[in-house]
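A.B. asks: Taking the hints into account, I'd like the entire structure generated from these sequences.
Residue numbers (this note's numbering), protein chains in the order written: chain B, 1 to 370; chain R, 1001 to 1327.
Think of the hints as simulated: they come from the structure by calculation, not from any bench. Each hint should be verified, as a subset may be incorrect.
Some chain R residues well away from chain B (every beta-carbon gap over 10 angstroms; in silico) [as the list claims (entries may be wrong)]:
no., residue
1, A1040
2, V1043
3, K1066
4, E1071
5, H1261
6, V1297
Listed next, the in silico DMTMM-like pairs over lysine to aspartate or glutamate satisfying Cα-Cα at most 25 angstroms (straight line) [as the list claims (entries may be wrong)]:
no., chain 1, residue 1, chain 2, residue 2
7, R, K1038, B, E140
8, R, K1140, B, D40
9, B, K297, B, E53
10, B, K196, B, E254
11, B, K196, R, D1300
12, R, K1177, R, D1111
13, B, K181, B, D148
14, B, K202, B, E254
15, R, K1308, B, E205
16, B, K54, B, D321
17, R, K1140, B, E254
18, B, K291, B, D169
19, B, K330, B, E238
20, B, K192, R, E1157
21, B, K171, B, E147
22, R, K1106, R, E1178
23, R, K1038, B, D281
24, B, K171, B, D281
25, B, K192, B, E205
26, B, K202, R, D1300
27, B, K181, B, D169
28, B, K181, B, D170
29, R, K1177, R, E1269
30, B, K171, B, E270
31, R, K1177, R, E1105
32, B, K202, R, E1157
33, B, K291, B, E94
34, R, K1140, B, E32
35, B, K330, B, E57
36, R, K1070, R, E1051
37, B, K202, B, D40
38, R, K1308, B, E36
39, R, K1185, R, E1269
Cβ coordinates follow ideal geometry from the N, Cα and C atoms, glycine included.
The chain contents come next:
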Amino acid sequence: MLESDFQERNRFFLNMGPQHPSTHGVLLIVLEMSGEYVLDPQPVLGFIHRMHEKMAESRPCQSFMPNTARMDYVCALPYNHGYVSLIERKAGIEVPRRAEYIRVITSELNRIASHLLWLGAYLLDLGAFTPILYGFDDREHILDILEDITGSRLTYCYYRFGGVSRDIDDKFVDATRAFIKRLRKRFVIYEKLVTKNIIFIKRAENIGIVSPDMAIRYGITGPNLRGSGIAYDVRKNEPYSVYPEFDFEIPVGEQGDCLDRYMVRVREMEQSLRIIEQALDRLPEGPVRGKVPKNIKLSPGDCNFAVEAARGELSYYLVGDGTGVPYRLKIRVPSYSNLSCLPELGRGILLPDLVSILGSFDLVIPEMDR
Amino acid sequence: METISMLPPELIRMVIAVIIIISFLFINAIMMGYLERKIAGHVQRRPGPMEVGFHGILQLIVDGVKLLAKELLIPFNVDRTLFRVAPLLSFTPVILPLLVIPFSEKLQARDLNLGLIFIVSMGSVNVMSLLVAGWGSNNKYSMFGAMRAVAQSIAYEIPILLSMLAVVLMCNTFSLKEIVGAQEKIWFVCLQPVAFLIYVIAGLAETNRAPFDLPEAESELTAGFHTEYSGMGFSLFFIGEYTNMFIVASVATVLFLGGWHGPHLPYGEYLGIVWFFLKVYFLLFLMIMVRWTYPRVRFDQLLNFAWKYLVPFSLVNILITAVLIKL
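C.D. replies: Set out below in structure tokens:
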């Protein structure tokens, strides 16, 4: 009786964000708190809504390419990939094999870059100031490699309908192989600094346990889902591009706590390195752009394409109406569903645990708001 | 307890000592700030400040000038007296312990019989300034930080006291000069390694340094109890924090690492200060390295650690020490 009375009188509301050092982007979470315990977290979105889907409806489908990169700027190439594959599926455009291989290599490089940034940002939220700089150092190498062929460091607009815009050269292949060797050695450092760090383990183990049932109910995908024990990866379950030709594993966690999600992502980086190695070994010769009609007309009807972005399943849904301008483009982003379980997950936890959970979900708010 | 009458020579000596100590504080803050940024940089694979002066030596001085020139913002609706007083409150209790620390055989401002107790009591006063800052800022985040700071400081004072008590049991005195004197043959760190470890860890928590820096947890509470301070107020908090670290390291040196004892130097009674500073800065270097290596502990884990691990260990340590002394 006295305890609940005390809790009643001690309730207050705290605004976490929109400007906050550890919500990754402009996210407002209204916390109803009692002391240090969060009673009810309610996320509020929309601070960075930039009307990408409306833009897709207002201009020819070719002009939407730069938008795809800006939705999730940390991991832009899978977004590119989803969109160009969508239009290729809709309009029946063929992609040469060399272009598919290049797409896979660059997408996986981008996935590694995204996970490295996530690792640094997650640990920064937990108070370790050093891993983010190590992660950024490694990321610089990836960004340099990709800058040579794509021209941009962050918001890549490299893929085109029917292939990619520029061919890769020997410099790219050599630099990527050197990078793979380097990163494998760096993983040892991360292992010692982070994974075996007792304080980190205490902040991440048994925190924010997402049960498999909860994950499926909320539509959580990506490493968050795999951390809960469900081995679902779009690259394996709904294969696209040339992924069926590569041999890689899907790391799966057991419990669904923050540590499992962390381990899944770390192991995913290693698997991405495997994919890149195999792709570089088997890189076929040939053109990098297929035949694309001058004016792309999107036939009436709908079409869907799903890819595995760094955060989960990203799918584009297009409704065409016979012209070159889509009637409706709906983008299903992984972070939106990943965040939606927060009110149920965050009931009655401590504030530092909320920070840890948010960090382990790997949310990028601009992709949520589009 | 003998009283030394305040004759003019003694008075002049005290005044000079206080002036030297206060100026040393600022110099120490500058040096430690520089050291911290350079070490942080090199740990993080970057060079740290390099622009201003040779390898960035003048960086902190320039920072000091910048902070002096900043507008002293006082947010709307705060308690003006409390808000203004808090930085001063955090700066003053850290000056006083330096008066009793023996820098070398002849260099000590005042050797109190109860020197050790005096230092610990000043550490407790330190907490009050955090609370005043947090309350006076009229900001939920600051209040959070202040409450955490109070709970943390109170919890970690006990392991500090108990580990100091182990040394006192061995020397039979609270006077710092005599404790250093008793370490002529062997440093106490060899006789009391557990107490040394507990003291350093609890000292880190007492000064709110990472991994125990929850009161100023940047990523959770946007700078905690000093969110609303700008300019000189902010820098006073920081000078206070660095000085507190210095005091913790000096007390650890005095109690465990043999104070000013070291290989023989000419004018040994005065130049013992060189060994003292070497040891203190070695400990400070360790403290800074720890900050940039470990993430932050969660608050309840912090308190758990103090009450369930540090306190029992230090109690057992005292028990063993007492038994061994009796034998």
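A.B. asks: Kindly indicate which numbered hints from before are broken by the structure, ordering the numbers from low to high.
C.D. replies: Hints 1, 2, 6, 17, 20, 23 contradicted; others consistent.
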